[in-house]
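The lines below spell out each chain.
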Amino acid sequence: MGILNMKRMLLLLAFMAPVVVCAEPSSQIAWTPEVLNLVKNGNLNKGKELAESCKSCHGDKGQGMKEETRDGETLPSIPALAGQLATYTYKQLRDYANGSRSHAQMTGVAKGLSEQDAADLAVWFSSLPAQENKSSSQNLARAEKMVEQGDGKRILPPCFVCHGGKGQGEKQDIPALAGQHADYFARTLLEYKNGQRHNDVYSRMRLIAQQLSEAEIKELAQYYQQVK
Amino acid sequence: MNDAAERKLALSHLWVAFIAFVVACFMGEYQVLERSGFIPALDSPSVYFASVSTHGVLMAFVLTTFFIMGFGYYIASTSLKQPVWNKPLAWGGFWLALVGVVLAAIPLLTGKASVLYTFYPPIVAHAAFYIGATLLVVGSWVWCVIMLVMFVQWKKANTGQPVPLAMFATTMNAMLWLWTSAGVALEVLFQLIPFSLGWIDTIDPGLSRTLFAWTLHPIVYFWLIPAYTAFYVFVPKQAGGFLFSDEMARLAFIVLAVFALPIGFHHLYMDPEQAKGWKLLHGIGTFVVALPTLVTGFTVIASLEIAGRLRGGKGLFGWILSLPWTNTMVLSVILSLLMLIFGGFGGIVNASYAMNAMIHNTAWVPGHFHLIFAGTTVIMYFAIAYYLWPMLVKKPLFSNSMALVQLWTWFIGMSILTTPWHVLGLLGEPRRISSVVYNNLLTLAWKPYEFMMIFGGLILLGSACLFIYVLAKTQLNPAAEAFDQEIEFAEPIHAVASLPEWLNDIKLWNKVIAVLMAISFGYPILQFFFMDTSGSSPWGY
Amino acid sequence: MQTEPLKPKYEQLLRDFYTQFRAIHIDQLERKWITISLLVIGLFVGIITIDAFFHGVNPPSKVETVDSASLHLNKEFAEDNLGVQADEKGNVIVRMVAGRYAFFPKHISVPAEMPITLRWVSMDVLHGVHIPMTNMSTMIVPGYVAEITTTFPKPGEYPVLCNEYCGLGHNHMWSNISVIAKEDWKAPVKSAAKGGSTNE
Numbered sequence: 001m002g003i004l005n006m007k008r009m010l011l012l013l014a015f016m017a018p019v020v021v022c023a024e025p026s027s028q029i030a031w032t033p034e035v036l037n038l039v040k041n042g043n044l045n046k047g048k049e050l051a052e053s054c055k056s057c058h059g060d061k062g063q064g065m066k067e068e069t070r071d072g073e074t075l076p077s078i079p080a081l082a083g084q085l086a087t088y089t090y091k092q093l094r095d096y097a098n099g100s101r102s103h104a105q106m107t108g109v110a111k112g113l114s115e116q117d118a119a120d121l122a123v124w125f126s127s128l129p130a131q132e133n134k135s136s137s138q139n140l141a142r143a144e145k146m147v148e149q150g151d152g153k154r155i156l157p158p159c160f161v162c163h164g165g166k167g168q169g170e171k172q173d174i175p176a177l178a179g180q181h182a183d184y185f186a187r188t189l190l191e192y193k194n195g196q197r198h199n200d201v202y203s204r205m206r207l208i209a210q211q212l213s214e215a216e217i218k219e220l221a222q223y224y225q226q227v228k
Numbered sequence: 001m002n003d004a005a006e007r008k009l010a011l012s013h014l015w016v017a018f019i020a021f022v023v024a025c026f027m028g029e030y031q032v033l034e035r036s037g038f039i040p041a042l043d044s045p046s047v048y049f050a051s052v053s054t055h056g057v058l059m060a061f062v063l064t065t066f067f068i069m070g071f072g073y074y075i076a077s078t079s080l081k082q083p084v085w086n087k088p089l090a091w092g093g094f095w096l097a098l099v100g101v102v103l104a105a106i107p108l109l110t111g112k113a114s115v116l117y118t119f120y121p122p123i124v125a126h127a128a129f130y131i132g133a134t135l136l137v138v139g140s141w142v143w144c145v146i147m148l149v150m151f152v153q154w155k156k157a158n159t160g161q162p163v164p165l166a167m168f169a170t171t172m173n174a175m176l177w178l179w180t181s182a183g184v185a186l187e188v189l190f191q192l193i194p195f196s197l198g199w200i201d202t203i204d205p206g207l208s209r210t211l212f213a214w215t216l217h218p219i220v221y222f223w224l225i226p227a228y229t230a231f232y233v234f235v236p237k238q239a240g241g242f243l244f245s246d247e248m249a250r251l252a253f254i255v256l257a258v259f260a261l262p263i264g265f266h267h268l269y270m271d272p273e274q275a276k277g278w279k280l281l282h283g284i285g286t287f288v289v290a291l292p293t294l295v296t297g298f299t300v301i302a303s304l305e306i307a308g309r310l311r312g313g314k315g316l317f318g319w320i321l322s323l324p325w326t327n328t329m330v331l332s333v334i335l336s337l338l339m340l341i342f343g344g345f346g347g348i349v350n351a352s353y354a355m356n357a358m359i360h361n362t363a364w365v366p367g368h369f370h371l372i373f374a375g376t377t378v379i380m381y382f383a384i385a386y387y388l389w390p391m392l393v394k395k396p397l398f399s400n401s402m403a404l405v406q407l408w409t410w411f412i413g414m415s416i417l418t419t420p421w422h423v424l425g426l427l428g429e430p431r432r433i434s435s436v437v438y439n440n441l442l443t444l445a446w447k448p449y450e451f452m453m454i455f456g457g458l459i460l461l462g463s464a465c466l467f468i469y470v471l472a473k474t475q476l477n478p479a480a481e482a483f484d485q486e487i488e489f490a491e492p493i494h495a496v497a498s499l500p501e502w503l504n505d506i507k508l509w510n511k512v513i514a515v516l517m518a519i520s521f522g523y524p525i526l527q528f529f530f531m532d533t534s535g536s537s538p539w540g541y
Numbered sequence: 001m002q003t004e005p006l007k008p009k010y011e012q013l014l015r016d017f018y019t020q021f022r023a024i025h026i027d028q029l030e031r032k033w034i035t036i037s038l039l040v041i042g043l044f045v046g047i048i049t050i051d052a053f054f055h056g057v058n059p060p061s062k063v064e065t066v067d068s069a070s071l072h073l074n075k076e077f078a079e080d081n082l083g084v085q086a087d088e089k090g091n092v093i094v095r096m097v098a099g100r101y102a103f104f105p106k107h108i109s110v111p112a113e114m115p116i117t118l119r120w121v122s123m124d125v126l127h128g129v130h131i132p133m134t135n136m137s138t139m140i141v142p143g144y145v146a147e148i149t150t151t152f153p154k155p156g157e158y159p160v161l162c163n164e165y166c167g168l169g170h171n172h173m174w175s176n177i178s179v180i181a182k183e184d185w186k187a188p189v190k191s192a193a194k195g196g197s198t199n200e
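Chains as they are written, first to last, in this note's numbering: chain A, 1 to 228; chain B, 1 to 541; chain C, 1 to 200.
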């Protein structure tokens, strides 16, 4: 490469630098009163109609699908949506549509939904009863301790202070965790941990997940799957 | 005068106050135990914050308001020598306030109103909490109206006569409370109730903090004035002497009531929604309101000295020992003044911005207000109760020595509780935390003080139970002989023949307060309506 | 309506007030005590006022609003603009977001013995923040930017603690700040800071 090319490269990089440094916000969704009202006033019946096309993956009762191994191939679990906070579901749909979150199937699905559709669907799914799962025989004492007491040494608050004493979620958009499929839950935390998922504002879940070990994540996943 | 109705009115209010008080004391000991972290099984933020919220509401709003109402009704009728005006209305106010308390207690005790006794938004509680609190305040306004009516009626029937000091103080307090409660009433009626019911989408937390600060300082004077009233109208006679100066007492009550109001921003020194000029103005006013307390200290100690020397005390300090320390009223005032010295010193620290920055929202703050309120003020509530109970139930006090033990243990327990609490604040410990989980060496310095506080709390709890026991035994004692003594108000050493109108009426001071409030709060509140603010939506906890 | 007769009327009122006030019996000793009290109070008020006007010892003051609901979409408090920055003149500005239950960014380094301007905002409810053993203490009220300028005299590792009830996780809300000796501290290399007191 000649010096002229180098100069051109540097010039190009100099122009790109501000673009690189001005990273996109984690999400375009802000909980202004207008957006909160849009979600609150979502149309239940319209949502039910739209949700017909979600059933094939997310189940006829919004219960999602467990991880399945068929013919040596593992199909990842599909999240339960039933009983989820409407604001959270709305945000995920909008994040998919805006590119703040990406998934092979969901990105396309979300791009085909308007803001009103997303609000209607969110309200519909929040009205469905959350799943209740059987308890396993696993020893979940460590997970319970993390959920109820956190860990001061790693500056980790207890999960319940945000996600609720029964994992039911909390305003404005802290998701319900109770009854979620353990494998989906674990996958989510691992994606936060390695930054693959990054639509949490101010990296609040990424910062937490980075401090958790894989074993802890798996135990928390099992804990929340069986919380009733 | 057959005052059976007045006695029943007073007793009902006082029992509500003291039952609320002893329940809250149990919660207090639970809290200090949970906080120390020495019993891990107790650790629970949900239970802790529900307890702190309930404890705060019971002590700061229920104990105080009902005590002041009951005391006020009895003082009004005995000092003016006439029945309470419109007793059905008075009972209406009582029931309204009590219903309010019960309505607020339900969400508080079930963890649906863990917003603490300051309930700062945008965290919202269940609407029943705010509605209950409103009913309590409106019930207290009924009391204010009755006090004002009795005051005005007496003055009309006794033109030119000095209003008895006890009633003058009580009426000043009623006027003070109407002005004081307006701030929080505006906040609750126009912001918090619609907000918690979902009628409005957003509110401005800066405006809420400002309106609450309007109430937050003068309310402590609302609580304090009955204690000062006892200082002036009971203590000198009980000590065996005379009141040093009736006029200075009136002046003290006036300056207290007037300057308690326009100074709330010393609670907002660290807030971004008010400018420093207003904070400085309020800060200066805060120092002005220290003056009537200093005057009260002088007048009361001078009155005690008269009594001590009349009882044969000699020398510069010898008269202190010759005071009747076994008189519950006298013992209480001595202990109260001791706590006032340290509590007042803490208050001066809080009022000075530069020092405030070191202790704002640290453990120093609850240490301070437990010392000055639970100490100085509440010990006088005990003294008033011991003095009035025999007259209210027409039976002698069950045991004077138990009462003395109760007062001493309250003082000792309070000292052991609040001294470490102040030190924890100086060491940087935040307030309103349910446990210490910071992974920092600083927290090691905190442990011994937290441990000491457990014992202060235990002594206080025992003292509180003893207090209820003495009152209950006095009232329920079947074998007691009849008690016939009447209330005795202290006489001033210089008889008061006539007073200028402004030492005998509240009209002028009402106008002065209006002007001072307009200056101190006018622009700071109006600014919110002209600023371009983005309000907050409701949040849970 | 005639305003002229009002003036002598108020003058007469004041004169009456003064005469009546003088007529009240105030014991000599009490007079002395009141004088001493007034002098002491005057001294304290004087010190505070002089400090305020001449030494800049003032509480936080600039009333600056911000939309707390959309902070991450705001230029100044965008996720990549938080933390410690030095502007062209070398002033150190720190932008922090408080939100249940952390202070973002969770660890910052600032120089000792240099004025630091900290700008705090809340993304949800009321918070308070205090660095123990320093005067870095402020409320963080949603809807407002809390700006405070202070100097940390001693290098060291300090905790940054939330001290206003903000929910059930309040006791877990804290972060860390390293105060580095002036000579050892290097301003972070970053593109020009966006927004700030001039609020672009």
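One should not assume that every hint holds.
[To be verified] Label-pair ranges, simulated between beta-carbon atoms:
1) B:Gly318 with C:Ala181: 36 to 42 Å
2) A:Gln210 with C:Ala181: 25 to 31 Å
3) C:Asn91 with A:Pro129: 53 to 59 Å
[Unchecked claim] Far from chain B, by Cβ distances over 10 Å, these chain C residues were calculated:
4) Arg15
5) Thr49
6) Ala69
7) Glu183
Source of the hints: derived by calculation from the structure; they are not laboratory data.
Here a beta-carbon is modelled for each residue, glycine too, at the ideal position from N, C-alpha and C.
Hint check results:
1. Range check, glycine 318 (chain B) to alanine 181 (chain C): about 60 Å between beta-carbon atoms, so the 36 to 42 Å window is missed.
2. Separated by about 29 Å at the C-beta atoms, glutamine 210 (chain A) and alanine 181 (chain C) satisfy the suggested range of 25 to 31 Å.
3. Distance hint for asparagine 91 (chain C) and proline 129 (chain A): a CB-CB separation of about 56 Å, consistent with the stated range 53 to 59 Å.
4. The beta carbon of arginine 15 (chain C) sits about 13 Å from the closest Cβ of chain B, which is more than 10 Å, so the claim that it is off the interface holds.
5. Consistency note on threonine 49 (chain C): stated as away from chain B, yet its beta-carbon is not over 10 Å from all of that chain's, at 7 Å minimum.
6. The claim that alanine 69 (chain C) is not at the interface with chain B is violated, since a C-beta of that chain comes within 10 Å of its own (minimum 7 Å).
7. The Cβ of glutamate 183 (chain C) sits about 25 Å from the closest Cβ of chain B, beyond the 10 Å cut-off, so the non-interface label holds.
When held up to the earlier numbered hints, the structure conflicts with 1, 5, 6 and fits the remainder.
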